[in-house]
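Protein chains: 2
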Amino acid sequence: MSKRIAGPEIERLIQLLAKVPGLGPRSARRAALHLIKKKELLLAPLSAALAEALEKVRVCSVCGNVDTADPCTICTDPRREQATLIVVEDVADLWALERAGAMNVRYHVLGGTLSPLDGIGPDDLNIAGLVARVAEGGVAEIVLAVNATVEGQTTAHYIIDRLAGLEVKVTRLAHGVPVGGELDYLDEGTLAAALKSRTAF
Amino acid sequence: MSKRIAGPEIERLIQLLAKVPGLGPRSARRAALHLIKKKELLLAPLSAALAEALEKVRVCSVCGNVDTADPCTICTDPRREQATLIVVEDVADLWALERAGAMNVRYHVLGGTLSPLDGIGPDDLNIAGLVARVAEGGVAEIVLAVNATVEGQTTAHYIIDRLAGLEVKVTRLAHGVPVGGELDYLDEGTLAAALKSRTAF
Ligand SMILES: [Zn+2]
Ligand SMILES: [Zn+2]
Numbered sequence: 001m002s003k004r005i006a007g008p009e010i011e012r013l014i015q016l017l018a019k020v021p022g023l024g025p026r027s028a029r030r031a032a033l034h035l036i037k038k039k040e041l042l043l044a045p046l047s048a049a050l051a052e053a054l055e056k057v058r059v060c061s062v063c064g065n066v067d068t069a070d071p072c073t074i075c076t077d078p079r080r081e082q083a084t085l086i087v088v089e090d091v092a093d094l095w096a097l098e099r100a101g102a103m104n105v106r107y108h109v110l111g112g113t114l115s116p117l118d119g120i121g122p123d124d125l126n127i128a129g130l131v132a133r134v135a136e137g138g139v140a141e142i143v144l145a146v147n148a149t150v151e152g153q154t155t156a157h158y159i160i161d162r163l164a165g166l167e168v169k170v171t172r173l174a175h176g177v178p179v180g181g182e183l184d185y186l187d188e189g190t191l192a193a194a195l196k197s198r199t200a201f
Numbered sequence: 001m002s003k004r005i006a007g008p009e010i011e012r013l014i015q016l017l018a019k020v021p022g023l024g025p026r027s028a029r030r031a032a033l034h035l036i037k038k039k040e041l042l043l044a045p046l047s048a049a050l051a052e053a054l055e056k057v058r059v060c061s062v063c064g065n066v067d068t069a070d071p072c073t074i075c076t077d078p079r080r081e082q083a084t085l086i087v088v089e090d091v092a093d094l095w096a097l098e099r100a101g102a103m104n105v106r107y108h109v110l111g112g113t114l115s116p117l118d119g120i121g122p123d124d125l126n127i128a129g130l131v132a133r134v135a136e137g138g139v140a141e142i143v144l145a146v147n148a149t150v151e152g153q154t155t156a157h158y159i160i161d162r163l164a165g166l167e168v169k170v171t172r173l174a175h176g177v178p179v180g181g182e183l184d185y186l187d188e189g190t191l192a193a194a195l196k197s198r199t200a201f
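First to last, the sequence lines map onto chains A and B. Just so you know, our numbering puts 13 at position 13 of the first sequence, and the rest follows in order with no gaps. Just so you know, our numbering puts 100 at position 100 of the second sequence, and the rest follows in order with no gaps.
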């Protein structure tokens, strides 16, 4: 353990900042100091924004997106086409696809992929919710926008099996997504192109 | 401007996180999502820590350190040798030297370096405060631990001129600090060695 630098409040702030993805122990110190120096310009508004997120942000009970409204802004947007659902592993993928801006539709967030080695089975993902949404009717197409990884593809095939007997077209993203690549790291043009040339399973 | 992803609260959180050093726009989105997912484990304590820092952290009126106490924990620590002051440009340098743990003394934070091109003159730095601390008596040695940059060395020479006539030994860090290097990026062993072999100006 390193020597205590300042009061325990600052130490605790540094320790917590070090847990934020993208920051390590050293950059957490710099971040803490920067925040303290920019008290009015950055520390105060960030403190307020975190408190507000803590109080208001929740998981959408329809699609699994995170938002301050439940159902979320996307689910309740009347200008979105209702007949198509894009199925993603994670909210980060939903955000990436929204930034690509290629389709004005709704989503379904699985919350991960099937991974027997990690003990993640169908009941740990929001697959039953997806089947229920399709069974309710009104969904003509499901775009399985899962990552191009073994787990992603395994999950896609499992979902296709579960949807068997329901009247729905299942498509996937066009090849254009690099094999082994993660959606959230792709540029928006590639994502838009992959959505436009999506193919039938 | 990119398409709005979620509610304005999350957008605002992402925008503010992007201003934290070490995070950019893309990593700010990942950080926001991670915080929202780890609501109890990370978002809640970080929100509390920022609120506490905002309320309690202040600049020490004696040395310029940041702490929840004024005078700070270091200035009021009775186990620290009182006769030596280490002069640093920034609180980050003070923290780096404390981590090196080579000297159990007190500090004086200048708040920058002289930089005529940027319009930073002696009155913009806490140099008058340093001269006053030395003039009060009880300080036998000043270690000018400024960066090994042109601005740092110019500032050191200006401080030596201002201290002329006062009974104080002025030293600097040993060569060992790379030319053009910034203290805060050095490893602790190098800093400790440079402090131990400090030389007279
Ligand atoms: Zn939703
Ligand atoms: Zn102090």
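Possibly wrong hints are sitting among the right ones.
The list treats identical chains as one, so a pair stands whether inside a single copy or across any two.
[As the list claims (entries may be wrong)] Here are the simulated lysine-lysine pairs, PhoX-like style, with alpha carbons at most 20 Å apart:
1) K196 x K37
2) K169 x K196
3) K39 x K56
4) K39 x K196
5) K169 x K56
6) K38 x K196
7) K56 x K38
8) K169 x K19
9) K56 x K37
10) K19 x K56
11) K196 x K19
12) K169 x K37
13) K169 x K39
14) K38 x K169
No wet-lab data here; the hints were simulated from the structure.
A quick look at each hint next to the structure:
no., hint, result
1, K196 x K37, "neither (47 Å within a copy, 31 Å between copies)"
2, K169 x K196, "within (16 Å within a copy, 73 Å between copies)"
3, K39 x K56, "between (24 Å within a copy, 11 Å between copies)"
4, K39 x K196, "neither (46 Å within a copy, 36 Å between copies)"
5, K169 x K56, "neither (36 Å within a copy, 58 Å between copies)"
6, K38 x K196, "neither (44 Å within a copy, 34 Å between copies)"
7, K56 x K38, "between (26 Å within a copy, 14 Å between copies)"
8, K169 x K19, "neither (42 Å within a copy, 43 Å between copies)"
9, K56 x K37, "between (28 Å within a copy, 13 Å between copies)"
10, K19 x K56, "neither (22 Å within a copy, 22 Å between copies)"
11, K196 x K19, "neither (38 Å within a copy, 34 Å between copies)"
12, K169 x K37, "neither (55 Å within a copy, 32 Å between copies)"
13, K169 x K39, "neither (53 Å within a copy, 36 Å between copies)"
14, K38 x K169, "neither (53 Å within a copy, 35 Å between copies)"
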